[in-house]
Each structure stands twice: as structure tokens, then as C-alpha cells.
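Since the structure of chain S is provided, determine the placement of chain B on it from the hints.
As a plain string of letters, each chain reads:
Protein chains: 2
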Amino acid sequence: MSAIIESVPNFSEGRRQDVIDAILAAYNSVDGARVIDHSSDADHNRSVVTLVGEPAAVSEALFRGIARAAELIDMNQQQGGHPRIGATDVVPLVPIRDITMAECVELARQLAQRVSAELNIPTYLYYKAATRPDREVLANIRKGEYEGLKAALAAGDEDRRPDFGPAELGSAGATVIGARPPLIAYNIYLTTDDVSVAKKIAKAIRHSSGGMRYLQAMGLLVEGRAQVSMNFLDYTRTPLFRVTELIRREASRYGVGIQSAELIGLIPEQALLDAAQWYLQLDNLSPESILEWHLH
Amino acid sequence: MSAIIESVPNFSEGRRQDVIDAILAAYNSVDGARVIDHSSDADHNRSVVTLVGEPAAVSEALFRGIARAAELIDMNQQQGGHPRIGATDVVPLVPIRDITMAECVELARQLAQRVSAELNIPTYLYYKAATRPDREVLANIRKGEYEGLKAALAAGDEDRRPDFGPAELGSAGATVIGARPPLIAYNIYLTTDDVSVAKKIAKAIRHSSGGMRYLQAMGLLVEGRAQVSMNFLDYTRTPLFRVTELIRREASRYGVGIQSAELIGLIPEQALLDAAQWYLQLDNLSPESILEWHLH
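Here the protein sequences line up with chains S and B, keeping their order. Take 1 as the starting number for the first sequence in this note's numbering and just add one per residue. Take 1001 as the starting number for the second sequence in this note's numbering and just add one per residue.
Chain S extracted, bound-state conformation:
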């Protein structure tokens, strides 16, 4: 089996289709890496790409995409609803198979260094790759957006100095590069149209109000049905099955059940295999027990 990583680069163009296509083509120009999903939002004026493949190939594809975006996007002109500091705004590297988080952190550092050295773009390391605790959080790095960061650096603010590259912003802005676990967007529909139940459950289970550590949640009314909408920030430590059963228990306290669940976007297979192992109580399940494991 060969190592696989995912990356979800965000770039600051969601309107000019020719620019979007040119940047996507750069991301898709390396053997061993593939764009498997992308979406653009005109209001946000931003695009999100999902790239998967071998670590070295994905890293090369990311470099090419960042270079192309720097040529085609002028941050002095760019406007949009989504916070941003650069033409390529943020680039998380995500371990998927046969690669550790530490290896992804190292890959992120190397990529940031190369982007700064070869493209003269300031880079900031974030989350698992952060070099300072305050830079673990993306919002801290992006404070003031392109304009605010540019001014702060021009004023000599040492605190905002990038990890690599010049301490000033050009037309490509700055790029935030880091490593994080896969993110899973998973929603549970309740057997009620009373959104207050979904809101109470969301509050009970999410990290911000005392719940599970790697979980964000909110209660919504979706097509006339109460929904608990969730982001799993680290499914290996806050797993889907445990949260599902916690929701089931909380819901029953209001006389409500779980009607169905849905995924938004992609899920690493391991998150589903973990659920199967837990529910079936297969304590000693090993990868070698799975027939397809022998085919990779």
C-alpha cells in the first residue's frame, strides 16, 4: 500500500470561470494526484478544491496551483464575502492512508518553505503545523484579512511576521499552510419538526458549550425537519458512532428519535469501518481481515 494524502486548498476566485479553470488545471497537472471535487461560490468569491494522491505528487500539484493563482489573482482588487489574506488562502494537508500526522506536518513545512523561496509569497504554518500556539487557529492568522495584515506588516508588527518569506504582502497576499485530520460533515435528522430539540441537543454535544472535544454542532430546521448539523474535526478521537449514540440518548429524553443521517462531501473509509467495528463489537478487527486490504 502506498501513502495517500488529501488536500483542500481554498483560492480567492469564485466568479471568473476562465481563472477558476486555469487554476484547477494546474492542480490537476501532476501524475499521481487528482482533483476529485471542487466548488466555487460567487458571493464568497472563493473556490474550494479537493485533491487526493501520493504525498509528493499532491505537494507538487499544490505548488503549481499556488503559483498559477498568484499570477491570476490580484488581492488589491479582490473582494468577496469570505475572509481571506491571499490568492491561495489556506492549504491544509490531511493524512488519509499509511502516513502520519507528523509526516504531513513536515510536508506542510517543506511546501511553505518552497512557496516562499520560489514565489516570494509569505507563508504561515497553522493547526498541527503551527510554530506558535496562537497560530493553531486559522482566524488568528487571518485577522484583519488581506488589507489588515498588509498594513500590520508595513507597520513592522513583529507578531504578524510570517513563518517563511518576506514580511510584506504583494498582490498574491499570503498563504496559510498546515496539517489537520480529515474533516467530516455529518447531519442527523430527528423525528420532529421542533427545531428547539435540535438546538438543545447541539448545545449538549458540541465542544464549545461543554460537549465532545472535536465536535462542532448546531440545530437547524431543514425542509420542515429538525436537524443536528455537525463537523467532526478529528473522527479518530471524537468518533461518529459515539456522537450518534449520544444524540439518540439526548433525543429520547425529548421523546424523539433519529430518522436518518447524511454526509456532506467525503468521508474517509476508516470512519465507517470504525463504526462497524464498534457496533459489531469486533474488538480485534485488523486491516488484514478485510479482503480488499490485500489488493492495494
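Honestly, the hints are just simulated from the structure, not real lab data. Wrong hints could be hidden among the right ones.
[To be verified] Partial chain S-side listing against chain B, Cβ under 7 Å, derived: (1) V35; (2) I36; (3) F164; (4) G255; (5) I258; (6) S260; (7) A261; (8) I264; (9) I267; (10) E269; (11) L273; (12) Q281; (13) L282; (14) D283; (15) E292; (16) H294.
For every residue, glycine included, the Cβ atom is placed at its ideal position computed from N, Cα and C.
Below, chain B alone, put in the same frame as chain S:
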């Protein structure tokens, strides 16, 4: 994604290591097919091979293994504890990925025809590939074993005539070839040492005594703990999750729970994904939602 099948050929040698090695080498001599498991039993005087790969490659590997076994095993001398009619006794073809059961049946027919034509070995088609209802069951074809079948054919018994090849047995005997779903061996340990509970549950859930259609089960005492030992003959129609929950309910009626579960041998990944989908209530889960799906 390319089609993948599994085959689990059984050959009638479990003692002479040089013969076992030579036959395994034949099974492993084709690009695109791989022996991923094998075991030999001296008492049974029989070996079981697990072969996985592309359909055409697996079919070629099976032919080579059957040819080698015919050279090296003399059924007139062979003795052992396991019922058998041929040097290569039984060869099931199993659809794993992107191939239908009907396609595996066709592959089984072609292989049987080739074995009979090129090696002059009588072949019988069984289970999903059977040409007659009574040949769906392996035991019917193997009745009387090598010696009994040889005598019946010599006596001109029309009923025992093979599907292909000569109506007489040489030193390689006959080979039974067919198609079946993947078989899953799955055991559940109960929180009791009272084997009578496991026996009662096994009786309640298995097909032979009125339970689930594609399930065999028995109650055993294993290392001081009651175990429900099961074979799933078609996990797509009698799934692991449903049987697990049925056992949980039956066990609770005796004041007992499920302590853990285990797999013996291999499981197709889909059986675990089915369990995750059912427990997490992901009604509309599609293969495209799984990140790794895009890598094949």
C-alpha cells in the same frame, strides 16, 4: 475500478510439503492474481487456498493449480478425514467488486469446460453455477466420495454423469466448480459461561431450524465462554448487523449480553460498510461519498 474476484480452491493434499508448495506456486504464477492465504490440515489431508485478483488472471491461475494437482496427487492412494472426489476437489468463484454473480457463473462454466477439455478431468458445476437443482448442494455431488463416484460412473449411473468431460474417474478424480457469494465466518461471545444459552440462540437464528435464510449457526463453549459460531452464506441478504441485533435481543431474554465478536478469516469490506450505514442510518450513502473510492 477493475473487477475483482476471489476463489477458494481446495486440494486433496495436506501432508507432503513439497507437493503443497508446488501447487501453491502454480496458483501464484499469474500476474494479476495473488494467493493471499492458505492452510493445510494433515488429518484432513487437504489444503485450502485463497486467491484474489482480476477475473481472467484468477481463472488462469486456477487452471494451472488444477493441472499441477492432477500431476502430483493420485486419488487412488489419497486418504484423509475430509470428504473428497478429486485432486482439486472444489473451486468456488466469488464476486468481490464490480462483477456480478451471473458473470462469475459464466466464468465457472468456462473454467470447468477448459479443465475437462485440456486435462481430461470430469467437472461438475455447483451452487449458483449448477445445471440441476440437486447439484446446488456440494454434498450431493460428492456422495460416496472418490471411490463411490468412480464405481457409480463405471456402472453407467446416468444421474452422476459430469457436466463436462469423461464419465469416468482417473487418478485426478473429478473437480467441482461453481460460483457463490463470499462466505463470512463470524462468532459472537456472550457474557455467560452457560453454553445452553448459546445453543438456544443458535437454534433460534439459523436457517435450518426456522431462522434467517443464509445463516448457519451453532452454540459452543470456547475458553470457558458461550459462543454463537456462525457462517454467513450471503451477507447481502442476511447481513451481519441484523443477526447481531437479533442475537442481542435473544440474549437479553436470558439476562445475557454480547461481550465481543470475532471474524475467522477474511471479510469483504462491503459487509462492514453495510453495518456502518445501517447503524449510522446513512440511508443515502453512495460509494462516491467514500474518499478512497476515488483512488481506485
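Enumerated hints in conflict with the structure, sorted upward:
Those not satisfied are hints 1, 3, 4, 8.
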